[in-house]
Amino acid sequence: MCTGIVENTRVSGAGKGPNGWVPLNQASVSYDHPDHAQAERVVIIDLISEKAGLESRIAVELTPQSARDLVRAILASLSRGEGDELEERNGSVY
Amino acid sequence: MQKYRTDTYEGMIAETVTVPGHDGSVINAYFARPLGSGPFPGVVLIHHAPGWDEWYRETTRKFAHHGYLAISPNIYQQFGHGVPEDIAAKVRAAGGVPDDDVVGDVKESLGYLKSLPQSNGKAGIFGTCSGGRQVFLVACRTKGFDAAVDCWGGRVVMSQQELTPKYPVAPIDYTKDLSCPLLGLFGEEDQFPSPQQVAQHEQELKKYGKTYEFHMYPKAGHGFFYYDRSGYRQEQAMDGWNKVWAFFEKYLGTSDKR
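Listed in order, the protein sequences are those of chains A and B. The first sequence begins at 19 in our numbering and counts up one residue at a time. The second sequence begins at 175 in our numbering and counts up one residue at a time.
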C-alpha cells in the first residue's frame, strides 16, 4: 500500500493455486512495490476464491511492460475467439 | 555512538505479546528488549505494506540490540491472521488500513513502552514504506514521541483524488502539528515518494520551523534497507542505519554499547 493504487473486480472462473483448483470470485489488481519480482514497481494481481480463502490466493507480480503485454494477449485472444461479438458488447476491444 | 566491544555483556528477550490497540481492541505485538533494568529508551516500529513480517521482527530485535525497548504492533490485526503476505494482500484489496486505527494502535504501544519500569521516559517511532508515512502521521497527531524516523514513506503528499474515508487527510497537511524532530531517508530513484514530493514535504517543514533532517540517497530507490528484496543498496543502507542510530541517540539517549 505504498502507492494506494488498487482496482478490484468480480471475476468468474477457476484457478489453480497451492491447494489445487478453486473457483474464483474476485481479482485485485495493484500497482505497487513487489515482494518477490526483481523490479522497482510491478502490477500485482491477486485472484481470490471467497470459498477457499486467502491461503488459496493465486498471485502474480508482473513488470509494467509484461503486464501490458499480458493485457494485449488477453484482448487478442478474446478478439480472435469472440470477434465481432466482443466488439459489439464493449465498443472496442482495445 | 560507542563501538561494539567483544567484552561487552549482551542479552535480550524477544517475544510476541498482547497490547491494547485502537478503540479498546487487543492486538499482538512483537516486543524485544535488552536484559537488565535500564533505563532504556523506547521505539515503536510501524511495519511496512508487505505486512507484519520477518523483516520487522528482525528489525525490532536490531533495535533491542542497540539498547532500545522496541515494540512492533500488528497494525493489520483487524484483517485476521495468516501468512503475512496473504494478510497484506487482504489489506491491499480493502484499500488499506484506516489512518485513525493506526494512530490509535501506535498511541497504545507508546503508552505500553512508557509504562515499563526500564523506560528512561523517552520514546521514538520508526517505520518504512507505508509505515514511514504513518510515522509522520502519528508524530503529527499524537504527543509523547521524542523523535521520529520516516524511511521512504509514500503518500505523505496526496492529491484530492487520493483521499478516501480511510485516508481523509494528506499527512503533509498536518505538518504544523509535528510534535518531535524528524529524520527522513529517501532514495532518489523512488517514485512513491518521488524526489519532488519529498522536496514539497521539506518546504512545508521549513515553513513551520520544524526540526528535521532529510537525506536523499543517489542510486537508491524504494526500500533500500531490505536485504531480502531487489532494491537493497548496501552502501546507502549502512549509511542510513548509522543516521538512524545517531538521530535516536541524540534525542532519546541510549545505553548502546555497540
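If you are wondering where the hints come from, they were derived from the structure by calculation, not from laboratory data. It is possible that part of the hints are untrue.
As the list claims (entries may be wrong) - Output of the computed footprint for chain B on chain A, the stretches with three or more beta carbons under 8 Å from beta carbons of chain B:
id : region
1  : 33-39
2  : 52-59
3  : 62-68
Note that CB positions come from ideal geometry on N, CA and C, so glycine has one too.
Hints versus structure:
Counting residues of the region 33-39 of chain A whose beta carbon lies closer than 8 Å to any beta carbon of chain B gives 0, which falls short of the minimum of three for the stated coverage. Three residues within the 8 Å Cβ limit are the bar, and the region 52-59 of chain A against chain B gives 7, so the coverage statement holds. Residues of the region 62-68 of chain A lying with their CB closer than 8 Å to a CB of chain B number 3, which satisfies the three-residue condition for coverage.
Violated hints amount to a single one, hint 1; each of the other numbered hints is respected by the structure.
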